[in-house]
Amino acid sequence: MTPTAVEFLLRFTDAAHAAGYTTAELEGRVLALARALGLRDVQVSATPTVVDLAVGPLSEQRTYTLRVRPAPVDLGAIALLDGLVQDVLDQHPDPEAALAELAEVKAKEVRRPWWIRLGAYGVAGAAIVPIVGGSWREAIAAALVGLVVGAIALPTTRFERAVQVLAPLAAMAASFCAIALAHTSLASLPDLVTLAALVTFLPGMTLTVGVRELATEQLQSGVANVATALIQLLGLVFGVEIGRSIAHSWLGPTIHHVPHAPLAWAQVLAAVAAGLAFTVTLRARSRDALAMCAASVLAVVANRVGADLLGRQAGVFAAALAVGVAGELVAAYRRRSPLVFIVPGVFMLVPGSVGFNSALQLVANQTVSGITTAFDTFVTAISIAYGLMIATIVLPDRFTRIAPHG
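Under the working numbering, residues 1 to 406 are what the sequence shown spells out, in order.
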């Protein structure tokens, strides 16, 4: 056991956790790297807040603890770290070289101009509207409100303490601006506009990962992720209610309309636009944009076809299974994490949007419908989680394991 090899493993673990790997993927990569570097009897336990790493036989075991924080998914960092993992597995470099390569990977962080990142929030908001039942008027309104949300998010993320209140602040602004635009007759569905503008803040992926980890008996991570998703959701609801209260006090109430059924071709085009927006907001590499657009389109089409043939809940399960299988195949071909494909697909299935509406209904004293929708939220999350889990089972082991090339 060389100190340099252990240091590399610890530094990789810290970087991988910050990139947003799921628990299973993080632990699998750490163990694969340990074997490639000649470290034996390595054990790892990862949670959103603490990672424990034990090296050596029980009688001589040394334990290391990393204090970490939950982090949003950074698909660009994940792709770079996956490249490092494959290089180490294929070439078995000495630990010093591996450490140097890790430093280079961390220096290659995906960066884009502020105006592209700001525009992505607007595009994401507009793209979600046709999928949840809005018209072109709501799409324009959601794009404008999305720009406001982005203008709040971009500077706020620079300050660690401010990040904790980003979701409610963005929700306040989104709710107020959506109602203000409704008074100008630009959009007749302010709640839908608010939802679309806040899509990048909805904790659907976190909730799905948490439920999946609970189902696989990774209890600490599962409970932590589910709790994180619920807190994020409540923060959004708080912000929306405050913004709505101020808007109604200053501008008066608005008339709510029932959303119409979106056209299939509009949903496909919207999914492509959403994939491009997610490429920016999730900090993915530009070369991954095609895969992310394909994932978004596949999720929307599979969900719609599945709902027509099997019903809504079974349709969500079928869509998640399709996204999971396609993601694993793409990952096996590119020798990268399937998250680059799966995350945008899960975003389009939007389990968080159901929970968002549920919490809003509870706050508005619509108790029965709120509880019913809350139950549907967890059923949807479980459907997606099991769809992704079964996708890893139906494929041969060579498609899902981390191994050297050839």
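It should be emphasised that the hints constitute simulated quantities derived from the structure, not laboratory data. Be careful, since some hints might not be right.
[Claimed, not checked] No farther apart than 25 Å at their CA atoms in a straight line, the calculated lysine to any residue pairs in the SDA-like style are these: (1) 106 / 379; (2) 106 / 180; (3) 108 / 308; (4) 106 / 31; (5) 108 / 269.
[Claimed, not checked] Label pairs and their computed distance ranges (CB to CB): (6) 307 / 162: 51 to 57 Å; (7) 395 / 154: 35 to 41 Å; (8) 266 / 395: 54 to 60 Å; (9) 136 / 104: 44 to 50 Å; (10) 4 / 63: 34 to 40 Å; (11) 107 / 305: 39 to 45 Å.
All residues carry an ideal CB built from backbone N, CA and C; glycine is no exception.
Hint check results:
no., hint, verdict
1, 106 / 379, "38 Å, violated"
2, 106 / 180, "43 Å, violated"
3, 108 / 308, "44 Å, violated"
4, 106 / 31, "21 Å, holds"
5, 108 / 269, "32 Å, violated"
6, 307 / 162: 51 to 57 Å, "40 Å, violated"
7, 395 / 154: 35 to 41 Å, "39 Å, holds"
8, 266 / 395: 54 to 60 Å, "33 Å, violated"
9, 136 / 104: 44 to 50 Å, "46 Å, holds"
10, 4 / 63: 34 to 40 Å, "18 Å, violated"
11, 107 / 305: 39 to 45 Å, "44 Å, holds"
Hints 1, 2, 3, 5, 6, 8, 10 from the list above are not met by this structure, while the remaining hints are.
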